[in-house]
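Participant: Below, each chain spelled out in residue letters.
2 protein chains.
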Amino acid sequence: MKHLFTFQLQHRDGGSKARAGVIETAHGRIETPIFMPVGTAGTVKGVHQKELETEVKAQIILGNTYHLYLRPGLDILQKAGGLHYFNSWRHPILTDSGGYQVYSLSERRKITEEGVTFRSHIDGSKHFFSPERAMDIQRIIGADIIMAFDECPPYPCDYRYAKESMELTHRWLKRCCDHFDRQEGLYGYEQALFPIVQGSTYEDLRRASAETIASFDRAGNAIGGLSVGEPAEEMYHTCELVCDILPADKPRYLMGVGTPANILECIALGVDMFDCVLPTRNARHGMLYTANGIINIKNAKWKDDFSPIDEEGPCMSSRFYTKAYLRHLIHSGELLGAQIASLHNLSFFLWLVGEARRHITGGDFASWKNGMVKRLEQRL
Amino acid sequence: MKHLFTFQLQHRDGGSKARAGVIETAHGRIETPIFMPVGTAGTVKGVHQKELETEVKAQIILGNTYHLYLRPGLDILQKAGGLHYFNSWRHPILTDSGGYQVYSLSERRKITEEGVTFRSHIDGSKHFFSPERAMDIQRIIGADIIMAFDECPPYPCDYRYAKESMELTHRWLKRCCDHFDRQEGLYGYEQALFPIVQGSTYEDLRRASAETIASFDRAGNAIGGLSVGEPAEEMYHTCELVCDILPADKPRYLMGVGTPANILECIALGVDMFDCVLPTRNARHGMLYTANGIINIKNAKWKDDFSPIDEEGPCMSSRFYTKAYLRHLIHSGELLGAQIASLHNLSFFLWLVGEARRHITGGDFASWKNGMVKRLEQRL
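Chains as they are written, first to last, in our numbering: chain A, 273 to 652; chain B, 273 to 652.
This is chain A alone, in the form it adopts within the complex (with noise of 0.2 Å):
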């Protein structure tokens, strides 16, 4: 093992709790705060590899567990050489454990302290994911990044469900790490396992589970059950009491968030790494996120403005194409206009943590992001 995960720190903002760090990884370097690009079947939907190196400079992205197991499987995943190979991303990658879309199966699925049994939304055939079967499984995927098995109660869930859920997501956890310091990855470099914080809402959970997961003492930490359904304030609230007990020399992953705003307001309370499906299912849906608020591109008022869908866009495409021809496009349903929509919104995602970053290195992070807070949420 050649490729060891590290975090440096750089800058601590000193207006806020924002960071700026580096993760160096296998496949390369990853500066915080970053926006990961959700890749569910080992796909951007709409974006090509090459796009988002160069269009949307992505540094890192996401892949989900739980669709890849099914689809295209383990055996096509492990002869490829791993998902790098597989999809021809040779940059960092994440996937989380697969838990997530397994309780989001609702009906389908069922919960006992060995692990899940559930049923695939493909074909209906039964499987069974475990801690031990989440690593195995994540090996074969080989991301750089891979979540401990976890589960995320739903909003709102009452005390004892939550408590003993998160008890559950603890002793899983130690399932999760004893198994995988047992092997090594399979493709010759380093892959880090972040365990996740739980607890729902309540505040004494939220900090025992906190406590719980910085002393299992991993490469990175992760905060879920947010995003699920509860008020913006109830998120920060969380977020900024599970920031202040999570170590400050490793980073910090909420997971599932969110809208800028939510994004911006998690930076400055301490978090490095996101992940959201916004920026490509509502591109897909005509919905554009700018520097100056949110676009509904299938409104009436686009139809004849031919100026470009951002002037000052994040990416060539936002530049290159007019509104009055995107909304066309969404309008008729063509998949260029979910590509384009896609491609800008995630590139204004990437240039928003990127100028996170600038501004936290540059000292001024916290009145910038007051500011721009209050555009991101303007109606166009």
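Hints listed in this document are in silico derivations from the structure and should not be mistaken for laboratory results.
A hint or two may mislead.
Heads up, the list lumps identical chains together, so a pair's fine if it works in one copy or across two of them.
[Claimed, not checked] When the alpha-carbon atoms are kept at most 27 Å apart in a straight line, the in silico BS3-like pairs for lysine-lysine are as follows:
no., residue 1, residue 2
1, Lys522, Lys570
2, Lys398, Lys570
3, Lys322, Lys575
4, Lys382, Lys446
5, Lys573, Lys351
6, Lys446, Lys317
Dock chain B against the given chain A, drawing on the hints supplied.
Facilitator: Relative to the frame of chain A, chain B by itself:
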């Protein structure tokens, strides 16, 4: 009108009737023989304009009058300054007249001497196209090459219907030309009007139609009503008969053709221009055209084939992505699958006509063509 439409014949093949030439238009140069990707609603499905330039190396694309008329509509297109400004494709464009799409609506349209009344496939609204209206609409769209409003009879078609339909097409052509010649283009550049030979598969009708069409002495001529279900031999026979009558000093456009082998055979008969939805439509279903034959990427044999889609592939994407990955994407209904396969197929069609041109000017077209046609139709 500064920009005149011209065609220069550069080479004639010794062993066949194949020709190499150059068309000059207000939006640039087209080297023939050429294949024109179909951009139905102002977009070649799944392919960025920049990719059409740099990967596919398209020199001219098609737009469909019927689709563009319904969406985005003429007011938007005119305000944009024509389709080139609307979709940001600044190279040559050809539009069909809408006739073919309107007839495909079958139950929803009614043909009279005056024109065709039809209902929109989108909202059922009622519309009327006449020869004059088709010219006005194509003036607004602003394509470099526009097509006469014709009737395309079905196959098979009885002699009487084919004859009456052809005569209607000829009367409509007169009206198209008279109306077209009374006006200049709206955007300061010349548009060329191509008439269309009809006559089903009846030799005497095709001969009469080719002579009539030639007598109009327009800038180029098209052959319609083929590739509508007739056997390939019948298509070739009709195509040859018509090409022999159409003037040699003007480009000949065979509408809606076809497979790679069809294209090479018809180049050998003297055709200069082709368009077809096959490369993009079949791409979306996982059928790939290569110099060594046809790949059905959905086939299980490709599931763990990690070689490039096409080692000596015509575009970067063909060489960058693997067969196993593309199979996974198409299988999973991922947008990127359609994108990659469309890029590959279109690039291949453009590569093929480029090679044909190279062999025409090189003097060995006929023998090269005979070898290629055999390879192209193999199933890999």
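Participant: Determine for every hint whether it applies to the structure shown.
Facilitator: Hints versus structure:
no.: 1; hint: Lys522 - Lys570; in the structure: neither (42 Å within a copy, 44 Å between copies)
no.: 2; hint: Lys398 - Lys570; in the structure: between (41 Å within a copy, 24 Å between copies)
no.: 3; hint: Lys322 - Lys575; in the structure: between (31 Å within a copy, 23 Å between copies)
no.: 4; hint: Lys382 - Lys446; in the structure: within (21 Å within a copy, 74 Å between copies)
no.: 5; hint: Lys573 - Lys351; in the structure: between (51 Å within a copy, 14 Å between copies)
no.: 6; hint: Lys446 - Lys317; in the structure: neither (34 Å within a copy, 49 Å between copies)
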